[in-house]
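Trainee: Here the protein sequences come in this chain order: A and B. All residue numbers in the first sequence are consecutive under this note's numbering, ending with 170. All residue numbers in the second sequence are consecutive under this note's numbering, ending with 1170.
Please keep in mind that the hints were generated in silico from the structure rather than gathered at the bench. Predicted, not measured: the structure shown is a model, and the values here were computed from it. Just to be clear, a hint being listed does not mean it is correct.
To be verified - In silico EDC-like pairs for lysine to aspartate or glutamate, Cα to Cα no more than 20 Å straight-line:
1. B:Lys1134 <-> A:Asp10
2. A:Lys134 <-> B:Glu1014
3. A:Lys73 <-> B:Asp1017
4. A:Lys134 <-> B:Asp1113
5. B:Lys1080 <-> A:Glu150
6. B:Lys1073 <-> B:Asp1113
7. A:Lys80 <-> A:Glu14
8. B:Lys1080 <-> A:Glu165
9. B:Lys1073 <-> A:Asp97
10. A:Lys73 <-> B:Asp1113
11. A:Lys80 <-> B:Asp1143
12. B:Lys1073 <-> A:Asp143
13. B:Lys1134 <-> A:Asp97
14. A:Lys80 <-> B:Glu1014
Unchecked claim - From the derived model, a few chain B residues whose C-beta atoms are all more than 10 Å from chain A:
15. Ala1101
16. Ala1132
17. Val1140
To be verified - So these bits of chain A aren't anywhere near chain B, every CB distance computed over 10 Å:
18. Ala127
19. Ala132
20. Asp143
21. Ser153
22. Ile161
Even glycine gets a Cβ: it sits at the ideal position worked out from N, Cα and C.
Number of protein chains: 2
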Amino acid sequence: MVPPKPLRFDPIREAHDQWVAHGWSQSADGMAVVTSIMRAQQIYLARVNAALRRFDLTFARFELLALLSFTRKGSLPLNKVGARLQVQPASVTHVVDRLEADGLVCRVPHDTDRRATLVKILPPGRAVFRKAVKVLNEEVFLDPGLPGEEARSLVNLIAAIRLGEGDFVG
Amino acid sequence: MVPPKPLRFDPIREAHDQWVAHGWSQSADGMAVVTSIMRAQQIYLARVNAALRRFDLTFARFELLALLSFTRKGSLPLNKVGARLQVQPASVTHVVDRLEADGLVCRVPHDTDRRATLVKILPPGRAVFRKAVKVLNEEVFLDPGLPGEEARSLVNLIAAIRLGEGDFVG
DNA sequence: GCAATTTACTTCGATATCTAACTATTATGT
DNA sequence: ACATAATAGTTAGATATCGAAGTAAATTGC
């Protein structure tokens, strides 16, 4: 995944220069923001997947296990899952299918709303989550590539973007 | 793509609190960084794809057209494309296949290395790029959701991550 | 000069995501 | 009440990515 030879220049800076040279100065910073986010995601996703592969988890599946294990009852309606993880209903179905096939969660009918389904974490799911979070903390989250103060700045800058996009209300 | 109802709290902040509560304080900031990047990518990818859909482009295809159109000869070996866009050879093959099927680029044999193949942008490719970059600038890059100064901070923070990851040498 | 290695690209199989269409159930409005 | 609209979830189709294996050509190292 990681290229053997690093480039001898910053390709995003170069793209920014190109944008300015073509008269698109007003959009150059935005282009750099978007491209930087895309690349950072690629980097982190590769690191996360490498850490989780041994547990047969992806980041999406890990996030669902985390969400459920932090819940009082260990279960949540599927639509709440979609809202929390910000993914389409179809993706929720797929993630739950996959975890259910591995015996880490199960579907449970909703008490009162017969349209709705709950997903519930099972003991094996809790066990896998405990092991996976330990590895992920050690191998990725402990060193995200930025010192603490800058890490918090990055989180706050992105929170502003998410707020503006309607992810949540402050 | 965007949920109709925003959450009444920041789910990443809540996850951070959970990390601290479980004794994973040392990894909490890193978790928040990684999760924030993942969510920001999701937001921007949706906006970018919505803008590019009318041109039958994806962000990856757009990036390749941009890269080629900024090149002196309008062509580049496939391995250079992979290095620049930071994607696997298989992904390069796929993106080029797709653009070639649409008549926007073509493959050209390398002059001296018979293993290598160049991808060359064609006049229709340049025309589509000109239109697409205009729309993308207007609809996404002009307002990335952050004021200029903060946008530049974000780009610099991510550049530090990328530098640490070996994307390029400063 | 020739075997072994490296490099370039393609093919294949598995995943994950999105959009759109579809079924079932619940809520709304007159 | 009852037709209409909204909501919950699944299914289907298209796309994109990755990892690993495979083919071909160039480089290397005796």
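Trainee: Against the structure shown, which of the earlier numbered hints fail to hold, in ascending order?
Mentor: Of the numbered hints given earlier, those the structure breaks are 1, 4, 5, 7, 8, 9, 10, 11, 12, 13, 17, 20, 21, 22, listed in rising order.
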